[in-house]
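S.K.: Below, each chain spelled out in residue letters.
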Amino acid sequence: MRGKAWALVALALAMAMLVPAVAGAEDKVVKIGALYPMTGRAGLYGLDSVAAAEMAIAEINGKGGVKGYKLELISTDSQAKPDYSVQVAKRYITSDNVHFLFGVVSSGVGLALTEVSKQYKKIFIGTDHASTQLTVDKLQPYYFRVSNNTFQSMAAGALDLKERQKAKPWQTIAYIGPDYAYGHDQWNELKYNLDRFGVKYKVVGEYWPKLAAPDYTAFITSIIKDKPDILISGLWGGDTVAFIKQALPYGLFQKTLFCSPDAGGNYEVMSATGDELALGLVLSARHHNNWPGTEANKKFVSDFFKKTGRYPSYSAEGAYAGVYAIAQAVEKVGNPDDAEALVKAFEGMKLKLPEDPDGFTSYIDPLTHQIVQVQAIGETVANKDFPPATRMLGNWKIYKAQEILPPPEYLKEHGSDYLKGRMK
Amino acid sequence: MEAASDKKALLFWGLFLVVFALVPISRNDYYLAMANRILVWGMFAVAFNMLFGVTGMLSFGQALFFGLGGYGVGLMVKYLGQAWFLAGLGAGVAAAAVVAYLLGYLVIRVSGVFFTILTLAFGQLAWQITFRWYRVTGGDDGIQGLVPTGILGDHIVYYYFCLILVACSVWFLKRLSASPQGLILRCVRQNPARVRFLGRRVRRNQRRIYVISSVFAALAGGLMAGVDNSIHTNMLNWTTSGEVILMSVLGGIHQFFGPFIGAAVIKVIEDVVGARTEYWSLIIGLVMMTMVLLFPRGLVGEWVSFKARMRSGGARKEGV
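Top line first, the protein sequences correspond to chains A and B.
In terms of the numbering used here, the first sequence is residues 22 to 445.
In terms of the numbering used here, the second sequence is residues 3 to 322.
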């Protein structure tokens, strides 16, 4: 019995040795080291991001690459764990010799990796995590983000609320969001922006369910009791889905206007709720499958569908944008090795993306390294163009990129030493 | 016999130190980071096993102390500045000693599975506090920028700093394990009633080793903060406690160095397999299953018995 067991181990070892070293023998490559959660709650965000990044890479390499370099993506499941992600990022830098760190859905992981990026002077392209801290409080020279942060979406939300107040006066507001940093950040930033735009409001309730809470009934009944005119939601993914499904029988959406400007309008929510998604909810996300109606956006969505058999959630476009940003920077500098020159190339870079409406081109703010984009907020309407969803967003309101950026006084108050130094 | 085993121990220690001391010569940052991780987790696992393998107390809450060490450094640096890195390391360790001493009075009243559940409960309590008290701890955002000042800021110097601390700690624990105190701890595991008959106090000895093990867990947590340059609430989550149990079982809980080897193997699998597939936790699961079903004595335990069998020409009876 024992001897057999040892033989088994020997066999396993021998097999492990037979696994060929599949290191690509390409001579000139731009290596991108991606970290996304591929399993678990945020797994869909990672799968969509990697699929979209691969799509962008195939497009670029299909046209001959950049300056003689082919792009190559290596990807590891971050499991949304910061300590493990740091370990992987260090491996990427010291053993795989990547030129760029890339990705990340969780802001906690993003914050840990921006520290690694700073230590090793390796450029980190953020494609999905939304914490404003990364481009303000913790900004460091080698970090760039190619999707909107929570400050931008909350500023757009505040502007939307301001317009609504003019059209149909509302007074009271309440907030529900997951009880961790992302949830609290959104609420603080929304209040900051409401004050900044001179909106008068009274807070009648704050509700802090746990992340991935299964049951929202207690919160829903308190919201109904507190009677806010507006309910802001900072929930994301499955939490938004669960909340909407559970609130529906209580008629919550007739009693209060549900508004979720950061992640509530993700396609994931529409496809998971189907007919149960109430009409007239005010939602947004960092990318929409049906806005803008430009050729570029239509092509992006249909290419993604062809590749994966599903429509993309917003994280996909962020990853797609990240790859194009890298390609553009390498094109300008001529090689992927000169980090300092690449930083210069990213600063102020103009990048035409699927989510840009006609007449606008996204650009990376040279000061904060944050991409500046238009934000569109919509209302849920019946629309069966993107099954299994039966609701999509419509009745769009568009907020100009410049209006939703953090103002200089915010940057002065919260900015990292690096950012403050550059503001002088 | 004595002299031979002394010589062997000396050889082992020499080899251990030389191998780890030579890692920076490779000039490969990847190996350096990996070795650093193995050292720190290895110490954590060995300290944990003093509690589990030696004294028979399965704590499912050692993440509490690992996290305390990390947050000692993190909070000090966050609020007082980078120069406080080492002070934070000390503060975390001291805090762990105090917390373990006080907590010891609560959790060591019970034994067996009740002890395990209580430690788990306190660990999760600490995790929840850190996670939710985001104004102070940064919550789920964690704390970044934990770089020691002065020469310790250099990766290689910091690595040697860890190596020295880990070597001293492991040496201390080894001495403790081999001392009369260690013998009492083993007796506590095997037959607490008899320990009482011998006039020794069971709970006092349990509390003592609980505090010692926790102090080294905190030291590991503090050192880890410097390796990653950031900390996160995950450090305090039960998964961390679970990981250190896996390491011990994999390496062999009845061998002093077993957990250290277990830590090394798990960290290497995590990295090497993780690079190829997102299902690396499945591989760890399979490895654990194989170990528990076929080699219950753990890697080191099986190696020792394998050697013993070779020496006696395979004539030894199975299961000794």
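Hint data in this document are derived by calculation from the structure and do not stem from the laboratory.
These numbers come from a predicted model, not from an experiment.
Heads up, the beta-carbon is just placed ideally off N, CA and C, and yes, glycines get one too.
Check each hint, because a few of them may be wrong.
Computed list of lysine-lysine pairs in DSSO-like fashion (alpha-carbon distance at most 27 Å, straight line) [to be verified]:
#1 Lys80(B) with Lys445(A)
#2 Lys80(B) with Lys231(A)
#3 Lys80(B) with Lys142(A)
#4 Lys433(A) with Lys80(B)
#5 Lys143(A) with Lys80(B)
#6 Lys52(A) with Lys80(B)
#7 Lys189(A) with Lys276(A)
#8 Lys102(A) with Lys80(B)
#9 Lys212(A) with Lys269(B)
#10 Lys142(A) with Lys269(B)
Covered stretches of chain B, going by a simulated chain A footprint (3 or more residues, C-beta under 8 Å) [unchecked claim]:
#11 83-97
#12 220-232
#13 250-264
#14 270-279
S.K.: A separate judgement is required for each hint: does it hold in the structure or not?
M.R.: Taking the hints in turn, this is what the structure says about them:
This hinted pair checks out: Lys80(B) and Lys445(A) have alpha carbons roughly 25 Å apart, not beyond 27 Å. Distance check on the hinted pair: Lys80(B) and Lys231(A) sit about 26 Å apart at the alpha-carbon level, within 27 Å; holds. The suggested pairing of Lys80(B) with Lys142(A) holds, with an alpha-carbon distance near 22 Å, which does not exceed 27 Å. Among the hinted pairs, Lys433(A) with Lys80(B) is consistent with the structure: their alpha-carbon atoms are about 19 Å apart, no more than 27 Å.
A C-alpha spacing of about 24 Å is found between Lys143(A) and Lys80(B), which places the hinted pair at or below 27 Å, so the restraint holds. A hinted pair counts as satisfied when its Cα atoms are at most 27 Å apart, and Lys52(A) with Lys80(B) does not qualify at roughly 34 Å. With a C-alpha separation of about 15 Å, the suggested pairing of Lys189(A) with Lys276(A) holds against the 27 Å cut-off. Simply put, Lys102(A) and Lys80(B) have alpha-carbon atoms about 21 Å apart, close enough for the 27 Å limit, and the pair holds.
At roughly 44 Å between alpha-carbon atoms, Lys212(A) and Lys269(B) are farther apart than 27 Å, so this suggested pair is violated. Of the pairs offered as hints, the one joining Lys142(A) and Lys269(B) holds, with about 25 Å between alpha carbons and a cut-off of 27 Å not exceeded. Evaluation of the coverage hint for the segment 83-97 of chain B: breached, as 0 residues show C-beta separations to chain A shorter than 8 Å, against a requirement of three. Three residues within the 8 Å Cβ limit are the bar, and the segment 220-232 of chain B against chain A gives 4, so the coverage statement holds.
Residues of the segment 250-264 of chain B with a Cβ under 8 Å from some Cβ of chain A number 0, which does not satisfy the need for three, so the listed coverage is violated. Only residues whose beta carbon comes within less than 8 Å of a beta carbon in chain A count, and the segment 270-279 of chain B has 4; three or more means the coverage holds.
Checked against the numbered hints given earlier, the structure breaks hints 6, 9, 11 and 13 and satisfies all the rest.
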